[in-house]
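Engineer: Below, each chain spelled out in residue letters.
2 protein chains.
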Amino acid sequence: MERDWDIVEVLRHSRHDWLNKLQLIKGNLDLNRIDRAKAVIDEIVIEAQHETKLSNLHMPLFASLLLKSNWINPSFKLEYEVLLESESIKVDDGIMTSWTTLFFSCLNEAIEPFQENHLSITIEPQSDGIRFFFDFSGIIIKRELIEKFFADRIVDLMVKEFSNSELTLEVFMPIL
Amino acid sequence: MERDWDIVEVLRHSRHDWLNKLQLIKGNLDLNRIDRAKAVIDEIVIEAQHETKLSNLHMPLFASLLLKSNWINPSFKLEYEVLLESESIKVDDGIMTSWTTLFFSCLNEAIEPFQENHLSITIEPQSDGIRFFFDFSGIIIKRELIEKFFADRIVDLMVKEFSNSELTLEVFMPIL
Chain B
378 MERDWDIVEV LRHSRHDWLN KLQLIKGNLD LNRIDRAKAV IDEIVIEAQH ETKLSNLHMP
438 LFASLLLKSN WINPSFKLEY EVLLESESIK VDDGIMTSWT TLFFSCLNEA IEPFQENHLS
498 ITIEPQSDGI RFFFDFSGII IKRELIEKFF ADRIVDLMVK EFSNSELTLE VFMPIL
Chain V
378 MERDWDIVEV LRHSRHDWLN KLQLIKGNLD LNRIDRAKAV IDEIVIEAQH ETKLSNLHMP
438 LFASLLLKSN WINPSFKLEY EVLLESESIK VDDGIMTSWT TLFFSCLNEA IEPFQENHLS
498 ITIEPQSDGI RFFFDFSGII IKRELIEKFF ADRIVDLMVK EFSNSELTLE VFMPIL
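Here the protein sequences line up with chains B and V, keeping their order. Quick note on numbering: the first sequence equals residues 378 to 553 in our numbering. Quick note on numbering: the second sequence equals residues 378 to 553 in our numbering.
Extracted from the complex, chain B is given alone in its bound form (with noise of 0.2 Å):
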């Protein structure tokens, strides 16, 4: 599916995103605004607990894409939530791994991209299985690539707001 990352470049990467991390504590350190440098501690605290989180949920294909997304998908900002404590449920890795990457494609094909486009991704327990909430902001310029999309189903998707500038669907996985 995607070419095999080695530790020397997935490190290259994650120590760019760390710097720049470092680099807004220094800012606001600079400015004497320590409040605010504490503050964004503790929000990349948070960012990296939802990371260690999705690296616990027994999915490691898909949390290998979402760790990376932002690495490879240059046209949209990736964000995650993972709100799921219970570690024991089981769900097809493969197939939501198979329909993720074929959605963040058609997303790179379909916005504009250099835009402010978001997507926030929620991961949810249920009692019979998991919930992937799945929230785009952004411009929207070829409809139909997602609506084509939407046509071939390979997961169980609904889709909640589609406009030209929001997308909002989820998708449920069954356990396993």
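No wet-lab data here; the hints were simulated from the structure. Please read all numbers here as calculations on a predicted model, not as lab measurements. A couple of the hints might just be wrong.
With a straight-line Cα cutoff of 25 Å, these simulated DSS-like cross-link-like pairs (lysine-lysine) come out [as the list claims (entries may be wrong)]:
hint, chain 1, residue 1, chain 2, residue 2
1, B, K519, B, K537
2, B, K398, V, K537
3, B, K454, B, K430
4, B, K415, V, K403
5, B, K445, V, K445
6, V, K398, B, K398
7, V, K430, B, K398
8, B, K415, B, K525
9, V, K430, B, K445
10, V, K398, V, K445
11, B, K398, B, K430
12, B, K403, B, K454
13, V, K467, V, K430
14, V, K525, V, K454
15, V, K445, V, K467
16, V, K519, V, K537
17, B, K467, B, K415
18, B, K403, V, K415
19, V, K454, V, K398
20, B, K454, B, K537
21, V, K398, B, K430
22, V, K403, B, K398
23, V, K430, V, K454
24, B, K403, V, K430
25, V, K430, V, K398
26, V, K445, V, K430
27, V, K398, B, K403
28, B, K445, B, K430
29, B, K415, B, K403
30, B, K430, V, K445
31, B, K415, V, K415
32, B, K398, B, K415
33, V, K398, B, K415
34, B, K430, V, K403
35, V, K467, B, K398
36, V, K398, B, K445
37, V, K525, V, K537
38, V, K403, B, K403
39, B, K398, B, K467
Start from chain B and add chain V according to the hints.
Structural biologist: Only chain V this time, still in chain B's reference frame:
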């Protein structure tokens, strides 16, 4: 030589390291030691710059070994400095990595764990190759293991100092 590391696992270790660094900054801010917090940030940036230089050395196997060393060699703490600006010098990555892997393994066996064991590696360009300067300080309890390891030389090696608490040596790798 080593098992494969996937992106999730590499980022898990890396995240842990960065969160520790962040904690150090946060701790100083909480004690209102703003200048110390800034100094910590500067130190982290310099460390990251050495990581970047290491990653640019065209020695992917050696870089990978050093980058993950502190995750897999609990008996000593590794630090490194790369004084190489030019990235054009090519030496034998495979041989240097094999030797260093064996050296780390020997060191892990030969030293007393849970002590202040530090290994610092300085990487310096020469006109005709690269010089790797290893400086260990800590507690060596099985000196004979190291002596035996040095007897089988696969690299151009010069031991400078070798006591029960100090071991310094140079490895020279000729240009390819």
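Engineer: Hint by hint, note whether the structure agrees.
Structural biologist: These are the hints, each one checked on the structure:
1. Using a Cα cut-off of 25 Å, the hinted pair K519 (chain B) and K537 (chain B) holds, with the two alpha carbons roughly 18 Å apart.
2. For the hint pairing K398 (chain B) with K537 (chain V), the CA-to-CA distance comes to about 41 Å; that exceeds 25 Å, so the pair is violated.
3. Between K454 (chain B) and K430 (chain B) the alpha-carbon distance is near 19 Å, which keeps this suggested pair within the 25 Å criterion.
4. Of the pairs offered as hints, the one joining K415 (chain B) and K403 (chain V) holds, with about 7 Å between alpha carbons and a cut-off of 25 Å not exceeded.
5. For a cut-off of 25 Å, the pair hint linking K445 (chain B) to K445 (chain V) stands: about 19 Å separates their Cα positions.
6. Distance check on the hinted pair: K398 (chain V) and K398 (chain B) sit about 12 Å apart at the alpha-carbon level, within 25 Å; holds.
7. The suggested pairing of K430 (chain V) with K398 (chain B) holds, with an alpha-carbon distance near 20 Å, which does not exceed 25 Å.
8. For the hint linking K415 (chain B) to K525 (chain B), the alpha-carbon distance of about 46 Å lies beyond 25 Å, and the restraint is violated.
9. Simply put, K430 (chain V) and K445 (chain B) have alpha-carbon atoms about 22 Å apart, close enough for the 25 Å limit, and the pair holds.
10. A hinted pair counts as satisfied when its Cα atoms are at most 25 Å apart, and K398 (chain V) with K445 (chain V) qualifies at roughly 17 Å.
11. This hinted pair checks out: K398 (chain B) and K430 (chain B) have alpha carbons roughly 20 Å apart, not beyond 25 Å.
12. Our distance criterion of 25 Å between C-alpha atoms is met by K403 (chain B) and K454 (chain B), whose separation comes to about 23 Å.
13. With a CA separation close to 14 Å, the supplied pair K467 (chain V) and K430 (chain V) stays within the 25 Å bound.
14. With a C-alpha separation of about 23 Å, the suggested pairing of K525 (chain V) with K454 (chain V) holds against the 25 Å cut-off.
15. Taking the CA atoms of K445 (chain V) and K467 (chain V), the gap is about 22 Å. The hint holds against a cut of 25 Å.
16. Among the hinted pairs, K519 (chain V) with K537 (chain V) is consistent with the structure: their alpha-carbon atoms are about 18 Å apart, no more than 25 Å.
17. With a C-alpha separation of about 37 Å, the suggested pairing of K467 (chain B) with K415 (chain B) is violated against the 25 Å cut-off.
18. As the CA atoms of K403 (chain B) and K415 (chain V) are separated by approximately 7 Å, the hinted pair is consistent with the 25 Å bound.
19. At roughly 15 Å between alpha-carbon atoms, K454 (chain V) and K398 (chain V) fall within 25 Å of each other, so this suggested pair holds.
20. At roughly 21 Å between alpha-carbon atoms, K454 (chain B) and K537 (chain B) fall within 25 Å of each other, so this suggested pair holds.
21. A C-alpha spacing of about 20 Å is found between K398 (chain V) and K430 (chain B), which places the hinted pair at or below 25 Å, so the restraint holds.
22. With a C-alpha separation of about 13 Å, the suggested pairing of K403 (chain V) with K398 (chain B) holds against the 25 Å cut-off.
23. Between K430 (chain V) and K454 (chain V) the alpha-carbon distance is near 19 Å, which keeps this suggested pair within the 25 Å criterion.
24. Under the criterion of a C-alpha separation no larger than 25 Å, the hint pairing K403 (chain B) with K430 (chain V) is consistent with the structure, at around 22 Å.
25. The suggested pairing of K430 (chain V) with K398 (chain V) holds, with an alpha-carbon distance near 20 Å, which does not exceed 25 Å.
26. Taking the CA atoms of K445 (chain V) and K430 (chain V), the gap is near 15 Å; set against the 25 Å cutoff, the hint holds.
27. Restraint check for K398 (chain V) and K403 (chain B): satisfied, since their Cα atoms lie roughly 13 Å apart, inside the 25 Å limit.
28. Between K445 (chain B) and K430 (chain B) the alpha-carbon distance is near 15 Å, which keeps this suggested pair within the 25 Å criterion.
29. Under the criterion of a C-alpha separation no larger than 25 Å, the hint pairing K415 (chain B) with K403 (chain B) is consistent with the structure, at around 11 Å.
30. Restraint check for K430 (chain B) and K445 (chain V): the C-alpha separation of about 22 Å stays at or below 25 Å, so the hint holds.
31. Our distance criterion of 25 Å between C-alpha atoms is met by K415 (chain B) and K415 (chain V), whose separation comes to about 13 Å.
32. Between K398 (chain B) and K415 (chain B), the direct Cα distance comes to roughly 12 Å. Compliance with the 25 Å bound is thereby established for this hinted pair.
33. Between the alpha carbons of K398 (chain V) and K415 (chain B) the distance comes to roughly 14 Å, so the proposed pair stays at or under 25 Å and holds.
34. Distance hint between K430 (chain B) and K403 (chain V) is fulfilled; the C-alpha atoms sit about 22 Å from each other, no more than 25 Å.
35. Only pairs whose Cα atoms come within 25 Å are accepted, and K467 (chain V) paired with K398 (chain B) is rejected, the gap being roughly 34 Å.
36. Pair hint K398 (chain V) plus K445 (chain B) holds up; C-alpha atoms about 22 Å apart against a cutoff of 25 Å.
37. Restraint check for K525 (chain V) and K537 (chain V): the C-alpha separation of about 16 Å stays at or below 25 Å, so the hint holds.
38. The suggested pairing of K403 (chain V) with K403 (chain B) holds, with an alpha-carbon distance near 12 Å, which does not exceed 25 Å.
39. Proximity of K398 (chain B) to K467 (chain B) is assessed by CA-CA distance (about 33 Å); at most 25 Å being required, the pair is judged violated.
Hint compliance for this structure: hints 2, 8, 17, 35 and 39 are broken, all remaining hints hold.
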